[in-house]
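Heads up: the sequence shown at position 99 corresponds to 110 in our numbering, and the numbers run straight through without jumps.
Derived by calculation from the structure, the hints in this document are not laboratory data. Take the hints with a grain of salt, since some may be wrong.
Per label pair, the in silico range of CB-to-CB distance [claimed, not checked]:
#, residue 1, residue 2, range
1, D102, S179, 30 to 40 Å
2, S29, E151, 38 to 48 Å
3, G194, S16, 30 to 40 Å
All values reported here derive from a predicted model rather than from experimental measurement. Virtual Cβ for every residue (Gly too), placed ideally from N, Cα, C.
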Amino acid sequence: GALESTPRRRFLGSRHQSLAYADRAMPIDCGQTISQPTIVAMMTEALDVEPHHRVLEVGTGSGYQAAVLARLASEVYTIERYRSLMRYAEDRFKALKLDNVRTRIGDGFEGWVEMSPFDRIIVTAAAETIPPALADQLGEGGAMVIPVGLRGAAQHLVKVTRMEGQLSESTLCAVRFVPMIHGVAEQL
Numbered sequence: 012g013a014l015e016s017t018p019r020r021r022f023l024g025s026r027h028q029s030l031a032y033a034d035r036a037m038p039i040d041c042g043q044t045i046s047q048p049t050i051v052a053m054m055t056e057a058l059d060v061e062p063h064h065r066v067l068e069v070g071t072g073s074g075y076q077a078a079v080l081a082r083l084a085s086e087v088y089t090i091e092r093y094r095s096l097m098r099y100a101e102d103r104f105k106a107l108k109l110d111n112v113r114t115r116i117g118d119g120f121e122g123w124v125e126m127s128p129f130d131r132i133i134v135t136a137a138a139e140t141i142p143p144a145l146a147d148q149l150g151e152g153g154a155m156v157i158p159v160g161l162r163g164a165a166q167h168l169v170k171v172t173r174m175e176g177q178l179s180e181s182t183l184c185a186v187r188f189v190p191m192i193h194g195v196a197e198q199l
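Produce the entire structure from the sequences given, and follow the hints as far as they go.
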């Protein structure tokens, strides 16, 4: 229902409007992509978000995944390294009256420590390994969904859970995501 009530076309440029509901990833600015709807649905379902959850998203991009999560969680915190993408996403959140989304320009590898712990964490770019700072910000009973693997090599969607202070991982499926990059982009 959250996916159906979030108009994907609002998160794409005018050039790609006709393909807004095609089940494929689409290019957005800064060399990034908006994930295909089935991947957004799969990652969202794997998170198992409940209405009282606080969710951290790493990689705001167009804002589509955060908008879907905002319909499910009490609070969504989203980090993006590109200022232009964040401004675009913020405009979409405002237009859709999603007032439970908080944004930040920053290095996704660092997370948002002052707002942690989080009940759920979702990462929308592939890291080579699970970032330790993100694992540290995952609350007890929490879950993180993240693509893991090298660019151009096999990547897998991994679910990390924290129970009794211990982390466990399970592989969900093979995926292909843009790489997660350290730092904040200089000009974009």
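The hints, checked one at a time:
no.	hint	result
1	D102 with S179: 30 to 40 Å	holds, 39 Å
2	S29 with E151: 38 to 48 Å	holds, 46 Å
3	G194 with S16: 30 to 40 Å	holds, 35 Å
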